[in-house]
Amino acid sequence: MKTRSMKDILEDLHSRYNSQRYLESDPLALVHEHRSKKPEDREIVSLLCALFAYGRVSSIQAFLGKLLPILTNEPHKFLACEDLYLQEQEMPYYRFQSSRDVHIILMRLSDMVRESQHAKDSTCLPLEYHFGNPKAPTIHRLARFQRSFLKGIPEARRSPGILHWIGQAEGRGARKRLCMFLRWMVRNEYPDLGIYRTFSSADLIIPLDVHMGRIGRNLQFTERKTQDWEMASQISVGLSGVAPEDPLRYDFALTRPGILGQCRGTWFAQICPNCSLQSICIQARDKRPGTGA
225 MKTRSMKDIL EDLHSRYNSQ RYLESDPLAL VHEHRSKKPE DREIVSLLCA LFAYGRVSSI
285 QAFLGKLLPI LTNEPHKFLA CEDLYLQEQE MPYYRFQSSR DVHIILMRLS DMVRESQHAK
345 DSTCLPLEYH FGNPKAPTIH RLARFQRSFL KGIPEARRSP GILHWIGQAE GRGARKRLCM
405 FLRWMVRNEY PDLGIYRTFS SADLIIPLDV HMGRIGRNLQ FTERKTQDWE MASQISVGLS
465 GVAPEDPLRY DFALTRPGIL GQCRGTWFAQ ICPNCSLQSI CIQARDKRPG TGA
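With the working numbering applied, the sequence shown has no gaps in its numbers, which climb one by one up to 517 at the end.
Treat the hints with care, as some may be off.
[Stated by the list, open to error] Taking lysine to any residue and the SDA-like style, the derived pairs with C-alpha atoms no more than 25 angstroms apart in a straight line are:
1. Lys261 with Arg381
2. Lys231 with Leu247
3. Lys262 with Pro415
4. Lys511 with Gly482
5. Lys375 with Pro415
6. Lys301 with Gln285
7. Lys375 with His300
8. Lys301 with His256
9. Lys290 with Asp236
10. Lys301 with Leu275
11. Lys301 with Val281
12. Lys449 with Lys359
13. Lys359 with Leu374
14. Lys231 with Ala467
Everything labelled a hint here was simulated from the structure, so no lab data went into it.
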C-alpha cells in the first residue's frame, strides 16, 4: 500500500474542519457575524476579537458581546470621530483588563485610526498602516505595531492589563494573538478575510498556543517545549515545507482536535486510533501512554 504524504493527510484534515460548522469554536466567528462587511470595520472588530481572545470561549464571547455594540455597526466611523468621547465607567472589563484599560485601548485605537488618515500616499487600512515597512521581517512589523500602540499611552497609564493586551515589543514571546489577527487579515481563504495587501501569506507565523505546540512536536516540526517566538517560527518553517506559499493553510484545522477535546498531545487508546494524523504523529508511532491509556 502506498504511504500517504503529509500534504495529503493535512489536506484531508483541512477539508474536514475548514467549514462554518467548526467556526463557532473560534473568536473569528464574531467577526463573520458582525453586520458590517466593510474592510475598515472588519479590521477593527478583528483586532479586538483577536487580542481579547484568551480564556474560556464563552467568557470571551460574553465580553465582546458587551464591547462591540459600543462601537456601533460602523466601528471605523465611530473611532475616526475627532470628538469621540467615551465614559470610562461604561466600559466592560475582562479578566486582566479593567474598565479603565478598555477605555484607554479604545481611545488609543481611535488615535491610530485618525493618524493613518493623515499619512501621505497610504493605501493601507487604518491599523495596517501602523505595521510599517512591508519589506521588513514579520517580527519587526509586529513589534512596530506594538510600539505604535504604546507610544500614544503615557507610561504611567501602561498598566499590566494594557501590556498584557498588546504584548511586549522587545520580548521573544510568541505573540500568539497578534499572529492570529494577521492570519485573519492576510489569508484570503475561508475562514480568514484576506483584506491586508502589505503582507504575504508566505511570511505569516503560526499563532502558537498549547494545542499547536503539541501538534508541532508530534509532527516533528520542533523539539522545543517553551512556547516562544522560536518555537512558532520552527513550526511555521515545518508547515512551509508542505505549503510554501501558505504555511498557515492548516492552522485552523490542526488546532480543532485539541480545542474540541479530540487530542491530548499523548497516546490515548480511547481516542487516538480514530485520529486521521496517526500515520505522521510520533505519539501514534511510539504509542506513549497517557493517563487515559
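Numbers of the earlier hints that this structure fails to satisfy, in rising order: Hint check: 1, 5, 9, 11 and 12 fail, others pass.
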